[in-house]
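Residue numbers (the numbering used here): 4 to 342.
Incorrect hints may have been included.
[Claimed, not checked] List of simulated lysine-lysine pairs, DSSO-like, C-alpha gap at most 27 Å:
#1 Lys176 x Lys113
#2 Lys205 x Lys176
#3 Lys282 x Lys113
#4 Lys88 x Lys236
#5 Lys236 x Lys83
#6 Lys205 x Lys141
#7 Lys282 x Lys236
#8 Lys113 x Lys132
#9 Lys88 x Lys132
#10 Lys132 x Lys176
#11 Lys88 x Lys141
#12 Lys113 x Lys83
#13 Lys113 x Lys205
#14 Lys236 x Lys205
#15 Lys205 x Lys282
Honestly, the hints are just simulated from the structure, not real lab data.
Treat the numbers as computed from the prediction; the structure is a model and nothing was measured.
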Amino acid sequence: MKRILFTEFFPEENREKSVANPCQMLLETNDKPLELSELEWLCTKGLVWIDLDSTEGEDMDFLARGCNFHPLAIEDCINKNQRPKLDEYESYLFIVLHRFQYDTERRTLKNNEIHIFFNEKFVVTVHQKDEPSIEQLKERCMTQGNPLSRGTDQILYMLFDQTVDSNFPILDKISEEIVRIESQILVNQDTQQTIAGILFLKRNLTRIRRILSPQREIVNSLIRRDNRFLSPKIQIYFRDVYDHLSRIYETIDMDRDLLGNTMDAYFSVISQRTNDIVKRLTLISLIFMPLTFLTGFFGMNFTTIPYANAPLLYITIGLMSLIPISMIFWFRKKHWFKD
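With the hints as extra help, turn the sequences into a complete structure.
Laid out in structure tokens, this is it:
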């Protein structure tokens with residue numbers, strides 16, 4: 004489905020003053036396909052933002068024949084799992100962005116791709132099915148006014164800003180998970196799922212960092228002085244996006260360090276428990292060592308028990324039996340049976 008989300012028209016006598024008709028700001032084209040002549044007319048009369056929420060054949064034919072976009076860029080729109088990148092063509096830019104979504108119940112992380120065709124006349128966004136960031140941006144633009152009145156680069160900035168800032172709530176949830184796991188370890192309530200949870204969070208952080216790394220390079224390329232597609236005024240805003248990405252990087256690195264410390268604490272607790280078990284087993288061995296000696300000595304094949312008629316034999320056996328009992332009291336006094 005092709006949608007003209009926003010249009011901005013210029014009067015013929017004064018192109019510096021734009022005229023936005025609220026009735027034409029949002030136009031659904033389910034029944035009537037957007038023709039090439041309409042797109043050409045919109046681009047000659049003003050600016051346009053077109054959104055495609057499908058990569059089916061009809062929409063891709065529109066990009067290829069109607070918009071005359073490069074086949075490699077269209078192929079990237081069709082094929083999933085594209086790396087974030089920026090390709091510069093003769094008259095437009097092609098950008099691939101990734102946006103993450105975090106499922107709190109399942110604690111799973113998935114990313115959605117947004118493909119953007121951009122120049123000073125139009126913005127074309129392509130994505131699979133409904134994309135929350137596009138809908139949120141549309142609502143934001145409807146309340147704040149037509150963003151195309153400030154140029155197509157304003158739409159591009161808002162897309163980047165919306166996509167980058169959506170990572171902060173995800174990182175906050177991951178930080179909460181880290182704190183929860185730390186609390187479980189400290190109060191000795193950790194389970195077998197603890198180490199799995201630590202590794203799962205660490206993998207998610209690594210995945211986010213791997214995706215955001217090329218996106219930071221994209222923003223860095225957009226804020227260069229020799230960029231011919233962005234105005235100097237909007238480049239200042241992209242520097243703010245770059246700062247947000249740097250903050251995200253710092254947060255990810257900090258969370259990864261916390262996870263490393265949490266894993267060390269987990270293994271320390273496990274090692275301490277192992278030492279306590281070994282200590283108890285050692286104490287039990289010491290307690291039963293005198294009894295083992297007695298049973299081993301008198302369990303030999305004697306015809307008659309040595310010293311059987313000696314008056315002190317049974318007294319000696321009784322005293323030796325008191326040794327384990329005294330050892331138990333001694334260990335309890337030293338608190339060796341406690342953790």
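Checked hints:
1. Lys176 x Lys113: 14 Å, holds
2. Lys205 x Lys176: Within the cut-off at roughly 13 Å; holds.
3. Lys282 x Lys113: Since the Cα atoms of Lys282 and Lys113 sit roughly 47 Å apart, the hinted pair is violated (cutoff 27 Å).
4. Lys88 x Lys236: Given that 27 Å is the threshold and the Cα spacing comes to 23 Å, the pair holds.
5. Lys236 x Lys83: Judged against 27 Å, a Cα distance of about 34 Å means the pair is violated.
6. Lys205 x Lys141: 34 Å, violated
7. Lys282 x Lys236: Violated, at roughly 70 Å.
8. Lys113 x Lys132: Judged against 27 Å, a Cα distance of about 15 Å means the pair holds.
9. Lys88 x Lys132: Holds, at roughly 21 Å.
10. Lys132 x Lys176: 26 Å, holds
11. Lys88 x Lys141: 24 Å, holds
12. Lys113 x Lys83: With a Cα-Cα distance of about 13 Å, the restraint between Lys113 and Lys83 holds, given a limit of 27 Å.
13. Lys113 x Lys205: 15 Å, holds
14. Lys236 x Lys205: 39 Å, violated
15. Lys205 x Lys282: 34 Å, violated
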